[in-house]
Each structure stands twice: as structure tokens, then as C-alpha cells.
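Trainee: The primary structure of each chain is shown beneath.
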Amino acid sequence: MLAQQIVNGITIGSIYALIALGLTMVYGVLKILHIAHAGVYAMGAYLGLWAYCMVPNLFVAMIVAMTLSGVAGTLIERLLYKSMLDKSRIVPLIASIGLFIAMEEAFRLIAGPYVRAFPAHFRQKPWIFGPVRISAPQMLVFGVTLALLALLWWVLTRTRMGKALRAVSMDREMAEALGVATDRIISLSFFISSALAGAAGVLVGIFYNSVYPTMGDIPAYKALAIIVLGGLGSIPGTIFGAFLVGISETFLIGFVNIPLPRDALAFIVMIAVLMFRPYGLFGKE
Amino acid sequence: MLEVQDLIVHYGEFRAVHGVSFTVQEGELITIIGANGAGKTSILRTLMGLQPAYRGTIKMNGRDITRLSAHERAKLGLGIVPEGRRLFGDMDVQENLEMGAYLVHDRGTLNRRLKKIYERFSVLYPLRNQRAKTLSGGEQQMLAIGRTLMGGPALVLMDEVSLGLMPRFVQEVFDIIKELNEEGKTILVVEQNASKALAIAHRGYVLETGRFRWEGAARELRDNVEVQRAYLGG
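In the order they appear, the protein sequences are chains S and Y.
Take 1 as the starting number for the first sequence in our numbering and just add one per residue.
Take 1 as the starting number for the second sequence in our numbering and just add one per residue.
Next comes chain S alone, as it looks inside the complex (with noise of 0.2 Å):
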């Protein structure tokens, strides 16, 4: 029971890690929250659906909602953010609510109101080990969440244009006076947040095997809390944060049962944390 409640809070820990980082990516390089992150979650759900529709085949899907969602992340950041920069925080904050509503209307008006179902089935039966069961939809869950960040460690610590990327967040101007450009750099942050939300929306929507125009809403604030528990801007603390937050909700849920919705113990584990540390986890001052 132990052990599977843990299996459990991995895989939607995997899944909070995946929307959380590209929030916390944008934040760092941008410093903004960046609230349509989740319409853009969403997007990708309803694009690996419409193209498994078209090719049933999971990696095709996947690779087409990813790039299709960094394509629409990086249209966000040129035609929206872009020219809110110099303005107070609160207009990109604002705007970004205000796009993620109309994200949510357009999804609604195109796909229809209702709940798809994704029609994506597995053969395989689920693997078990001993009390332990995991299912076909979780290994890939798993799979392409490791898969994602071994990349995104890879890119951000061995590539040129990574570590440009970590360099802009920490420095921008920094960074621009030794050559970087950062507008192509910070366009390139879109991109990867995006496509790394993409993928998270066709992983939830075919393990809950359901799309649908709001699915974005809970990870909306769940990843916001998830990123502030981390410390803003850090990448380590957010993926930490996120499967910290996914198995404390599937712990408290399975053993404690405490009469609160399981999606206001993110929240409860956020202020937890910020009592002691008040710059998150890995915040720094």
C-alpha cells in the first residue's frame, strides 16, 4: 500500500514537474508569471489528441503537440510579452490571465464543450511487483518524464545555447554584453517550456484518458505553488517541489483521508514550507 501510494505520487509528481518547470523557466529568464503557461498545457492535450486522431501512434502525437506548443509559446512571449517588458509586473500578469481565459473560450468553441476521450490503449498489462502495480499508461508517464528532464539536464548544462539560457537568467544585461542575443535566447526559453508543457497535457490526457477546454485550470495555481515552493527561477527546486507536492496529495488522500479537496494541499504544503523557508526550497534570498 506504502509503496504504491509512492508510485502513485510519482507519476503525478512527473506530471506537476513537466507544467511547473516551464513556468519556472519563464520566470527566471522573463520575471514573469506566466498564467497562459496552462492554456498552452492544455493546447497540447487537444493537439497530441487531434494528431493521434490522424496517426495513431503515440510518438508521432507527442512529438507534434510538443512542437506545435513550443511554436504557440514562443508566438505568446514575441506577440504579447514582449512589448509589456518595461511596464509594471502586473500588465504581462494580467494580460497572461486574460490570454489563458481566451485560450480556454477558443478550445471550448473549437473542440466542443464536452470530455474527450483519448482513444490511446495499451496492450501491455501492467507491471507488478509484489503489492506494487504499474500500469502501462504510468510506465509512460514515467518513461517520458525522465526522458524530458535528462534532456532539458543536457541542454541546460552541455550546450552552448543552455548555458546562454542560464546565463540570461541570472544576468540578462550580463549576458547580452558578452554576445548573447538574448531575444532569440529568451524565445528559445518559450519554446522549451512550452513543448516540455505540451507534452505534460498529452501524458494527462491520456492517463486520466479525458481533454477538456479547462483542464488547465488546477495545474493554473497548482504550478504556481509548486514553483514558489521551489524557490522562483529554480529548476532543481521546482522538480523537487513537484514531486514533493504529487506524493504528499496522494499520501494524505490514501492514509490520512482529511476532509479538504486534494487540490488544496499544494497550497497547505506551500505555506508549510514558506513558514520556514520564505524563499522556497531552493529560493535564494
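No wet-lab data here; the hints were simulated from the structure.
Every residue, glycine too, gets a C-beta built ideally from N, C-alpha and C.
Wrong hints could be hidden among the right ones.
Heads up, incomplete: computed chain Y residues facing chain S, CB under 8 Å, no partners named [said to hold, decoys possible]:
1) Leu50
2) Ala70
3) His71
4) Ile80
5) Pro82
6) Phe88
7) Tyr102
Keeping only pairs whose Cα atoms sit at most 30 Å apart, straight-line, the calculated DSSO-like set for lysine-lysine is [claimed, not checked]:
8) S:Lys31 <-> S:Lys82
9) Y:Lys196 <-> S:Lys31
10) Y:Lys133 <-> Y:Lys116
11) S:Lys82 <-> Y:Lys75
12) Y:Lys116 <-> Y:Lys178
13) Y:Lys133 <-> Y:Lys75
14) Y:Lys133 <-> S:Lys284
15) S:Lys284 <-> S:Lys31
16) S:Lys31 <-> Y:Lys75
17) Y:Lys185 <-> Y:Lys115
18) Y:Lys185 <-> Y:Lys133
19) Y:Lys59 <-> Y:Lys196
Chain Y residues, not near chain S, derived (Cβ > 12 Å throughout) [claimed, not checked]:
20) Glu13
21) Arg63
22) Gly108
23) Asn111
24) Gln130
25) Glu139
26) Ile200
27) His202
28) Arg222
29) Asp223
30) Ala230
Chain Y: place on chain S using the hints.
Mentor: Chain Y in isolation, oriented as in the chain S frame:
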């Protein structure tokens, strides 16, 4: 090499620099001295493209660069060691140096420069895998200078590199600047420490509330009674 004409710099309504003109010739070591708030940093930031020029022109090797972005100016050979060092604190020493060589695409050149920097700043070599923010002030300043040199700039702008350092590092930093210049680097140093700056520079400009009050050979400025009284504590 660098030619600045009637440069005016604004922060909103506030005019920080009131039309200064100066030149830097290839191989020169030039200093702009002045008190806190005289506009020294504003001039350097504007030269690098980190602050827009309100009026005036900046030419580098005859080319007007006034409207270019900072990364384009870096490509043309401008490099800055900024005030406060501005290292990438969560990156290690080597990564910081590699970021300095962001525009260097050839691995061979990069390795040669790395080797040279580690030779010149031998304190940095044993620290190469340590995060920049864990270094002492003096080490950080060496790293900041080394990082800028990694890009192989034709003209190095240095902003208050002696600020906040222990006295023994202050002398070391000025020695390094002099050495670099003797090896052929063109350098523009902005300093509050007027006596040290004038001791190594060829020519100098004295900035007061956004205007040049005096300019000339460093020796003349050192001998100027008024400059002595105001800036050299004599």
C-alpha cells in the same frame, strides 16, 4: 578606435551626462575619473549599449554604433568589466569564462584563451569547478576581468574594478590593467581611485556632474593643482 561626440545620457527626465566628447586611440590606456554620481558608469553603459544614448554619436573604427544592441557591439569587439562584477553566481568559474567566450566558435581558440587566463590569474585554476558566488571579492574580480578577456575584445571598458577590494588586491588589479595595456590591449578605465588610475593611464578625463572639467595627458592632470586638490587629496 573609439570616437564619442556630444554624448547625452538620460534616465527618464534626469540628465546624467551632458554632452561629452572624447576619443580612444588603439593601444591607449585612458581613464575617466570623477566622484560618485558624476556620470562615469552612465558613459560606460552607454558605450556598451546597455543604456540608450539620448543624443550624440559613438563610432568604433569609423562605424556608427550608437543604435546597435549590446550583443552586436560585443561582436564588433567591445567588452565590459561591469561595476559590481556581475558574475553568473550559480555557474562555476570555468563556465563563467566560457560564457565570456560565447562568441568564440572555435574550440582551439577557446582552449588557448582559457589556458592564458589560468596562467595570468593562477588563483582561478584550482577554483575552476567552484561556483562563482563562493569566491572571495578579489578572486571574483579576477574572474570578471578574465571572463571579459575570454571574448578577445579589441577595446575593454572597465567600470570601478577596484571598488570594494582589499588594498592589496587594489594594487594587483591596477598592475594587471597596466600589463594588459602593455601587451597591446586598448583599455578605457572608469575610476573613483583617481591617483591610481592616473598613475597607469596615458590620458585622462575628469568628469564633474556629467561634463568634462579637465582633460589631457595623465601627467598633466596629476600636476594640475586643482585636480590635485579635488581628486588626489593633495
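Trainee: Identify every previously stated hint that the structure contradicts and give their numbers, smallest first.
Mentor: Hint 9 alone not satisfied by this model.
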